[in-house]
Amino acid sequence: MRFLSVNIFQHTNLLFIRSFMIMLLSFIAIQLNLSFSNIPSSLTTIDVDGHFSFTNNEFAAKDYGNQYQFLPLAVLHPKSVSDIAITVRHVWELGPSSELTVAARGHGHSIQGQAQAHGGVVINMESLKTPKMRFQIGDVPYVDVSGGELWINILLESLKYGLTPKSWTDYLHLTVGGTLSNAGISGQAFRHGPQISNVHQLEVVTGKGEVVTCSLQQNADLFTGVLGGLGQYGIITRARISLEPAAQMVKWIRVLYSDFSTFTRDQEQLISSEKTFDYIEGLILVNRTGLLNNWRSSFNPKDDDQDSQIKSEGRTLFCLELAKNFNPDKIIETNEEIESMLSKLNYIPSTLFMTEVSYVEFLDRVHAAEVKLQENGLWDVPHPWLNLLIPRSKIHKFADEVFGNILVDTSNGPVLVYPVNKSKWNNMTSAVLPEDNVFYLVAFLSQANPLSTGKDGLEHILSLNKRIVAFCEEARLGVKQYLPHYATQDEWRAHFGQQWETFQRRKFAYDPLAILAPGQRIFQKGVLDL
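UniProt numbering puts the first residue of the sequence shown at 1, with every later residue one more than the last.
What the hints contain is simulated information worked out from the structure, not anything from laboratory work.
Check the hints yourself; a few may be wrong.
As the list claims (entries may be wrong) - Derived SDA-like pairs: lysine to any residue, alpha-carbon spacing no greater than 25 Å straight-line:
hint: 1; residue 1: K422; residue 2: L270
hint: 2; residue 1: K466; residue 2: H396
hint: 3; residue 1: K422; residue 2: H200
hint: 4; residue 1: K324; residue 2: E339
hint: 5; residue 1: K455; residue 2: S423
hint: 6; residue 1: K372; residue 2: K394
hint: 7; residue 1: K79; residue 2: K208
hint: 8; residue 1: K275; residue 2: K324
hint: 9; residue 1: K324; residue 2: S423
hint: 10; residue 1: K466; residue 2: L477
hint: 11; residue 1: K166; residue 2: F54
hint: 12; residue 1: K324; residue 2: A475
hint: 13; residue 1: K422; residue 2: S358
hint: 14; residue 1: K166; residue 2: V357
hint: 15; residue 1: K394; residue 2: R240
hint: 16; residue 1: K394; residue 2: E268
hint: 17; residue 1: K424; residue 2: L150
hint: 18; residue 1: K275; residue 2: I332
hint: 19; residue 1: K422; residue 2: Q499
hint: 20; residue 1: K424; residue 2: K132
hint: 21; residue 1: K132; residue 2: S215
hint: 22; residue 1: K397; residue 2: N325
hint: 23; residue 1: K344; residue 2: I271
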């Protein structure tokens, strides 16, 4: 009996101890999460047409760069512009004592965590399907679209009217708001300028939660500031995009060079000519072998054999990529124009490759390569990209060092090199450009092997990027980063140069608490020093 009483006593004590430990652990857990739990409860009071999600938001902590993973507190899936405005206004009204920030996330193609908000609210812009596309047909055609719409969808809908946007990015599965917050550059930029030069009007939700319609005629300061403004002044919820008549087919051409000077001279001649191609880009082929290095430069989505003909096998070659749009009833005139234009170039004659594809196939060419990489498990890897805008007067000095010394024995992806005309850019936007009237986009589109510590590993590629940037600074080349990423505000000041005061003034005017786009790491929430 005594033995039984002891067991009951011991069992009771164990139950008490267990209950006490559970209560203690629960109390500790509550205390640790107290600051976070209060914020979701305030967000749940917001009446939106869409919905918030507070769990399973890991997708919003990732991007294409696959280097930064910052988990948000909540994700808004908006159904209306009002959802976005109400949410931003709520965060604004919480005041500077709240650490809550807001980031607009498009297709997640950022490379340095720019669309992430650690402990904040991420707005899933692809959920915003309103307003629906509305086309204006006439002498000045355009389309009104949601800021969360993908460019590929705009292309497919525009073609139903025989129209197309004028300027593109190489990859079309990106949102309108995402590319317009940067610039949007591709091989048409020499003629039409970037995408930000082909916008008539915007609707923007500012950092105060205000919905503002803006253009060059109305609220022009906000309009020009938001274009290329890295998401710092407002979230683009609607854009009016300029259109032009579309072609049905494309002659897609490639030629190779062994000499960089000849390569750049021909490119500059082409972008300055009145009669020229509709698309002009260049590729540096450094030790070009394998799918990882070829993904961006698949010559024909339907013919893999073409790629095997232009492997550089350890050599550095320079590839000029051209396209001429046409309709089938003009094929004879198109062929004559192409022959005339090619006759003025100094490429290696035996390297001329030409194919004919539909307009959609050409513009969506990188997506075809994306499918290949996904099939081989090579898409969701780190992408330590480096994009530079280099003055024409300094491009040869840059090439001598970078392609002659830094990247001589390694290549982890395509390298784009092509010139654009500065005169085609609106100089009132927030985009930062070199001083020369012609400058080159040089894009190192690297992909890292996440399991490697060698030359194809992330750390090695990042070290190469740092060497390239350091050389540009030491040699005073006047280079500007495109899709910039800096660690300190002093570096941002240097990046913007004379534009910094305007950039900072606009931030204070439209997002004075620095709520928006925290992933750019330009301003700290609640701290704006004017």
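Honestly, which of those hints from before does the structure not fit?
-> Checked against the structure, the hints that fail are numbers 5, 6, 11, 12, 13, 15, 20 and 22, while the rest are satisfied.
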